[in-house]
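Asks: What follows is the residue order along each chain.
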Amino acid sequence: MNTIERIKERRASGVSVREVVEPAVNAAESLNETLNAFLQIDRAGATKRAAELDASGETAGALAGVPVAIKDNICVRGLQTSCGSHILGNYHAPYDATVVERINQAGAVIIGKTNCDEFAMGSSNENSAFGVVRNPWDTARVPGGSSGGSAAAVAARIVPVALGSDTGGSVRQPAALCGVVGVKPTYGRVSRYGLVAFGSSLDQVGVLAANVRDAATVLSVIAGRDAHDATTADVPVPDYASELTGEIKGARLGVSRALLGEGLDAEVRASIEAAIEAYRELGAEIVEVDLPTAPYAIAVYYIIATAEASSNLARYDGVRYGFRAEESENLRAMYRRTREAGFGPEVKRRIMLGTYVLSSGYYDAYYLKAQKVRALIKDDFRRAFETCDAIITPTAPTTAFMIGEKVDDPLAMYLNDIYTVTANLAGVPGISIPCGLSNAGLPIGLQLLGPHWSEAILLRLAHAYEQAHPIDARPPVCAASD
Amino acid sequence: MKNGWEAVIGLEIHAQLNTETKIFCGCSTRFGDEPNANTCPVCLGLPGALPVLNWRAVELGARAALALGLQLNERSIFARKNYFYPDLPKGYQISQYDRPFSERGTLEIMTAARDEGGHARDWRPMTIRITRLHLEEDAGKNVHEGLPETDRYSYIDLNRAGTPLAEIVTEPDFRTSWEAYDYVNHVRRALQWVGASEADMEKGNLRCEANVSVRRVGSEKFGTKVELKNLNSVRFMQKAIEFEIERQINLIEAGGAVTQETRLWDDRAGETRVMRSKEEAHDYRYFPEPDLQPLVLTSDFIARVHDEMPELPEARRKRFMYEYGLSYNDAAQLTSEHTLADYYERAAQTSGNPRGAANWIRTELLRELETDGRTAAESPVAAEELGALVRLIDEAKISGKQGKDVLVEMFKSGKTAAVIIEEQGLAQVSDAGEIERLVGEVLAANPKQLEQYRAGKTGLMGFFVGQVMKASQGKANPKLVNEVLSEKLKA
Chain H
1 MNTIERIKER RASGVSVREV VEPAVNAAES LNETLNAFLQ IDRAGATKRA
51 AELDASGETA GALAGVPVAI KDNICVRGLQ TSCGSHILGN YHAPYDATVV
101 ERINQAGAVI IGKTNCDEFA MGSSNENSAF GVVRNPWDTA RVPGGSSGGS
151 AAAVAARIVP VALGSDTGGS VRQPAALCGV VGVKPTYGRV SRYGLVAFGS
201 SLDQVGVLAA NVRDAATVLS VIAGRDAHDA TTADVPVPDY ASELTGEIKG
251 ARLGVSRALL GEGLDAEVRA SIEAAIEAYR ELGAEIVEVD LPTAPYAIAV
301 YYIIATAEAS SNLARYDGVR YGFRAEESEN LRAMYRRTRE AGFGPEVKRR
351 IMLGTYVLSS GYYDAYYLKA QKVRALIKDD FRRAFETCDA IITPTAPTTA
401 FMIGEKVDDP LAMYLNDIYT VTANLAGVPG ISIPCGLSNA GLPIGLQLLG
451 PHWSEAILLR LAHAYEQAHP IDARPPVCAA SD
Chain X
1001 MKNGWEAVIG LEIHAQLNTE TKIFCGCSTR FGDEPNANTC PVCLGLPGAL
1051 PVLNWRAVEL GARAALALGL QLNERSIFAR KNYFYPDLPK GYQISQYDRP
1101 FSERGTLEIM TAARDEGGHA RDWRPMTIRI TRLHLEEDAG KNVHEGLPET
1151 DRYSYIDLNR AGTPLAEIVT EPDFRTSWEA YDYVNHVRRA LQWVGASEAD
1201 MEKGNLRCEA NVSVRRVGSE KFGTKVELKN LNSVRFMQKA IEFEIERQIN
1251 LIEAGGAVTQ ETRLWDDRAG ETRVMRSKEE AHDYRYFPEP DLQPLVLTSD
1301 FIARVHDEMP ELPEARRKRF MYEYGLSYND AAQLTSEHTL ADYYERAAQT
1351 SGNPRGAANW IRTELLRELE TDGRTAAESP VAAEELGALV RLIDEAKISG
1401 KQGKDVLVEM FKSGKTAAVI IEEQGLAQVS DAGEIERLVG EVLAANPKQL
1451 EQYRAGKTGL MGFFVGQVMK ASQGKANPKL VNEVLSEKLK A
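Those protein sequences? They're chains H and X, same order as listed. 89 is the number that our numbering gives to position 89 of the first sequence; each next residue is one higher, with no gaps. 1346 is the number that our numbering gives to position 346 of the second sequence; each next residue is one higher, with no gaps.
Honestly, the hints are just simulated from the structure, not real lab data. Nothing here was measured: the structure is a model prediction, and the numbers come from that model. Even for Gly, the Cβ is constructed at its ideal location relative to N, Cα and C. Heads up, a few of these hints could be off.
According to the in silico footprint, chain H covers these stretches of chain X (three or more CB under 8 Å from chain H) [what the hints assert, rightly or not]:
#: 1; stretch: 1049-1058
#: 2; stretch: 1087-1101
#: 3; stretch: 1288-1302
Given the sequences, and given the hints that come with them, work out the whole structure.
Replies: Take a look at the structure:
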């Protein structure tokens, strides 16, 4: 399997960037017929970039010659940025997102843009205007969402790493359902400049990777203060990969029994219980934590995220770029018809919800109250982290479900985020790693949450587990051959 | 205004802050460039772009707030004001809402009623309560004419989108259109004075909206208010308010009721017209802007802005009256502009005669400047040179009348007064002996007139003065000539 480390070894033994990148592009193209993970595969750009890197002989960058896939809501200059929506249609970004600039600086080769739920709104990738992504472990099933294309591209071994975005679990949940690693950094750790906004106070760019070390390497490249994003913090960025010592003796791991109760699939629960035991064996101390406001997280999340989204998506009005409904009799009609035809049903649902909760007369009862509860959720976490270094939970309540299984039940779909949204509301980092397969052969994910800026500790804990319990060596049903 | 009625007026001013670059990106704020030349992903509202606050706008906003007597809030919050319009690229304007930049201002202005001819009578001080001054971004501009197919399309120029604005809102403290007029002029002058804004309504970098209602005198309750827009000059605003007051009074007296609505001033028709009614009013769905941190002003920052503030016009006017003995009107005129006040102070110091310098500037210099369309800062006659001229007159080197000609020449040639006096041989004769000699000659040459004078025809004094001046080729010091003549004629 191609990891960053293995690519580096191969490069050192004389393998060219082209020889690394070309098979990745080939795999992306051939597997896309089945998986639909990519919305754009940039063979020409990737080939040119590989040739340039080969000509320069540069091998020092942390991602030198590493093929990377980018979620289609992150701007890459010259490539499409559709956000999985008809309304952006054929929009091509004229500038690079800061994270793209940084991975390019580190020598990465972008091979394409990955499919996602429209404007990152969804937990199954069924909300993409360009068709559902299929789970490489069982192509009748969803890959999770919204970064389903990025997760599937990594799970199918097309690329070792991909960038996604996580507003309520959109990196971690598909990582869990596709059996890969997904990191959602602390809010403010990674620049959002060039990430198309969904819920601005919740959004973070995250990393999907085949293993913890690769995730750590990419995070070190993309993290850090950015002059273009006022919400990034000036906190030093460690070399996360060098923190992966395997040593976790004495680490205190918090467990909330309430989170392992109702609504959780029995197999997932058993896996998490086993993982907790595994951590105990690795020397971690298991402590009970209480998160009393956790049951309100989903409600709070769907108020704040939709409120922000209703405003963030106002710019898609057909005036300057993207799709415009033609031949409208006046401006109002142009707005209405453009947005009616351009947005899918889930996006419309959220715009309406968000508009409602911000409306005069409802603001206090919904938006303002949600902000108050959000503050309580933050407090819960602060208190919990006084007694532990990280909290362990399932990432998602079930393994990958069947395509079409939940499309008619938005609430059941929203509950998929029950373990992940709290991290976005509190602004704390989270990581999902594989913790075994179900009887049906589907990946199960465990989630670790830590206090602000604790990525190094989370990655070390995740890495220690990964070393002791590697995911089943069987590759997914649908994957590139090495 | 009709007897028994009272108007209640509140004003909203939008002033463009005088920064080089926009409030949330690095694009130039220059006026008059090619459409959309000064744009970037941020001010175009492209997907993924984020705002970053320009601190120069904060500094100038703080200056404006202090100049208008507002209290700066140590912590304020940017908020999104959501509405759809083609000149608003993000679908929301970044503004401030419930936690503004500055609040609770009290501002003393001078105001006066106007007579039929529009002349001010009886200036009096008045205190205006300013509710708030907050920071926000401007929108772009829709263009509906002058380009191809404007019957089917409109065009958008986003050069202005993201220009920093200070929105200044008053309490409903005005009772007449002239009070409002005097307030806006005061604000314009104050903003220009501290360098916060060019505050030029013609250029559109100061815009005004008025809320107007009427009520019976003695009534505590406010009437239904009407919002007035499209007030493109201070005079238009005054006229629009005047029209609106009368319209509302007539409406109510005729048994009607005022509708809450927005009306536009049509200057050609001389009337206000409905733009939109309350039913169509926007719900802006304000909420805190998540892309920007709360704006925190440290005590160091506030102290620095205080230190960098120039002396404000009112304070300077008072000081001119106290320190230089000027009248209210003279001091007010000389503090109407920052550069003029500076000019005056330098001239006053060189001249050693502050009141004389004030008179010369007000009556002579400003007229010459106005003819040329220049400001005091652009005067070809330096303040020190004007001061020197005043000193030469006070020292009787030349007469006041000659001084006026010399000043005109200074304007034209750029030469100093001393050089012009030297070149034109204008130096005044103030030698008593010389003047006595001239007087003796004149009296000897006009025995008839001398006899008539001594017989009581004292009106001939002017004749003798004229003769002496003529004999001296105009150089004799007239004061001295008078003195010597009076003496000799008595004998």
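Asks: Can you list which hints this structure breaks, lowest number first?
Replies: none
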